[in-house]
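The numbering used here applies: residue 1 is where the sequence shown begins, and numbers increase by one.
The reader is advised that the hints may include incorrect statements.
[What the hints assert, rightly or not] Computed beta-carbon distance windows for the label pairs: (1) Asn57 - Val13: 30 to 36 Å; (2) Gln186 - Asp211: 47 to 53 Å; (3) Gln79 - Pro412: 48 to 54 Å; (4) Ser39 - Lys435: 19 to 25 Å; (5) Lys295 - His32: 41 to 47 Å.
Hints in this document: simulated from the structure, not taken from any laboratory. Just so it is clear, CB atoms sit at the ideal spot from N, CA and C, and this is done for glycine as well.
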Amino acid sequence: LPSSGNFCLNGVVFPNREVQPSYWEVKRIYQHIEFEPMSLDRGLIRLHNRYNFISLNDFELHWQLTANGKVVNSGKVSQLDIPAEQSGLVTLGYQLPKMQSGKQYHLNLQLKQPTANGLLPANHLYAHDQFELFNPNSHTAITGRTSDGLTVDNSNDTLAISGTQFTVNFNRTTGLLSGIKHNGKQLLLQPLTPNLWRAPTDNDFGNYMTDWGKVWQEANQHRVLQSMNITHQQADVITLETTHRFNDELGEPAGFWNSRYQIFSGGDIKVSNQFNKAANRPMLPRIGMNTQLLKSLDTVQWFGRGPFENYNDRNTAAEVGRYQNTVADHYVPYVRPQENGYKTDVRWFTLTDNSGQQGLLIQAEDTLGFSVHHNTIADFTPPVKIAITGEDSDELRNNSERVNQHINDIKPRDLVSVNIDLGQMGVGGDDSWGKQTLRNYSLTDNEYHYVFWLRLYQPNQQPLNRLLGD
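Based on the sequences and whatever the hints tell you, model everything.
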């Protein structure tokens, strides 16, 4: 046999010795220091030293206070006289900033050693944690911007709603938001489409998700538009509602998707989604929407967990912060291509061009999950079995459809594929031969609802800090 798929190539370190995102989760869970908040208002923390023989005398505790991911105060404590296997109180000595409406505040803690220790360099991070500081007005309602009036063109196969320097198109056959034209440039390459599927992970194959979840993989192939209507129209805001039914391959209903789009004359689109699962259908891999944007919208900023890939059952190490990189940086080159690069607990993210002069802000009313790639979900999905064993025939081993099975099969496309999700189920991993994701991290409910905003972004006209209330 040439191999057994990637069975021996799925640890926390890649074969080239680069670390996988799960490496940081293992490091965080195994750290020897536990931080217990005693009074965050007064900066009082209890440190539990789980080292068997090492005291904390040679360590420093660094702290930061952040507002919407930006550092507003910082400091360090050097006197940490806490013996091995003992606990001690530490006063950080900060004063809480005046809590502003619409902002989220966090305390970040990092335990470092100022001098080198064997192979570990000076200021190596030994332990860290993060705590959210209570702000009674952290969640404020997002208000749609208004400008000159909106117009509606309902004469063609496309329903077009236009404002100053932008047009939003809906396909009358599919009911999908099919285009956003801004300053003469079409941003969308593919419609904004409901998405209930993800590229299977190794653990997904282990629990046969491609069998029990097949109805969700094929949901969009059997999606039927049931209704599409403008339900409210004013000069500065228009509301359009659509209802779709997902069928199985026999034509029986699997679920229903309702979207309400509110288009504001200032260039904002509020998208409210509700999904209802039909009776006796399996849990869902994902609840979200997918679209494709111009490849030039390549710069990514976000306020949420990061900077590395994280999932709802593997995000303890990924702290809430404000991060920036490129779309290509979100790709994780697993030896077998699969779902990758996800971010959770996201408040907002932006995709802009290199000049920063045009782009899109996606803002959550609560939180969302997102991923961005220069590839589609199908690129990360092998259509047939790839793990070959002695029980498999020569015919299966030589199947020409065995594609998308190696890193070099993944070729970046001239697009940015964007997933805007309520969330997806965790990656699991209690074992790799049948155990499903734990229920707490699965999508088992029969009804889901979530809201996000698409906001046309031009820094010279509507700076990002103004849109976000910074």
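Hints the structure fails to honour:
2, 4
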